[in-house]
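Protein chains: 2
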Amino acid sequence: MPDYPAPDMADVDIIEVMKALSDPIRLHIVRLLADGAPRSKTMEGWGVDITKSTMAHHFRILRESGLTFTLISGRTHAIQLRRSELDARFPGLIAAVVGENSTD
Amino acid sequence: MPDYPAPDMADVDIIEVMKALSDPIRLHIVRLLADGAPRSKTMEGWGVDITKSTMAHHFRILRESGLTFTLISGRTHAIQLRRSELDARFPGLIAAVVGENSTD
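Line order of the protein sequences matches chains A and B.
The first sequence begins at 358 in the numbering used here and counts up one residue at a time.
The second sequence begins at 358 in the numbering used here and counts up one residue at a time.
Misleading hints may appear alongside valid ones.
No copy is singled out in the list; a pair is fine if it fits within one copy or between any two copies.
[To be verified] Cross-link-like lysine-lysine pairs, in silico, DSS-like; alpha carbons within 27 Å at most:
1. Lys376 x Lys409
2. Lys376 x Lys398
3. Lys409 x Lys398
Simulated from the structure, these hints should not be mistaken for lab results.
All chains, please: the whole structure from these sequences, using the hints.
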């Protein structure tokens, strides 16, 4: 993925991950991606009322922090949470921030 | 604690918590407080090479975000992670960010 580089998980810094998660839109995106399935980057279905360029900014922060991959298949771009890698590197973090452990 | 107000846990916003944790010094402080025991605010024992005023700034961010209480006993000020409250509100979050689940 030369156009959309992402760091090796071993080089991912928890501080950068926390910064990436410190935004309501990005946390919302991560929650929608929590199952680890790729999701099209097209604006439909994200449930946010922001411009495409702002959304692209958030996607970039998520990718550069190590939280996501951008997947390219022809003209389709998708984003995927690096869930299994993140669960291995920071056990319990994604489950906690997306609220999987919450009882309410 | 009128001089050092802290939000009710029900009002604590995960975004503010994530912002508070998005700093290496503050994450270090939270790790040292992870057992939930109060710790004196005096500079000794924190293992950081920063000014007292910068440290005070970090303590304030932690308190205002809802992560900590400042406890006053005479001339002694201590800081305490609101561990049990946080564990109830954001299950698994503190354990994940302080690395309690990590195997390395």
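Task: Status of Lys398 relative to Lys409 across identical chains (alpha carbons, at most 27 Å) - done: This pair counts as within: shortest intra-copy Cα distance 10 Å, inter-copy 46 Å.
TODO: Up to 27 Å between alpha-carbons, please classify Lys376 paired with Lys409: within, between, both or neither.
DONE: both (21 Å within a copy, 25 Å between copies)
Open item on the list: Within a copy, between copies, both or neither: which one fits Lys376 and Lys398 at a CA-CA cutoff of 27 Å?
Closed with: Close inside one copy (21 Å) and across copies (26 Å); limit 27 Å.
In this structure, none of the earlier numbered hints is contradicted; all agree with it.
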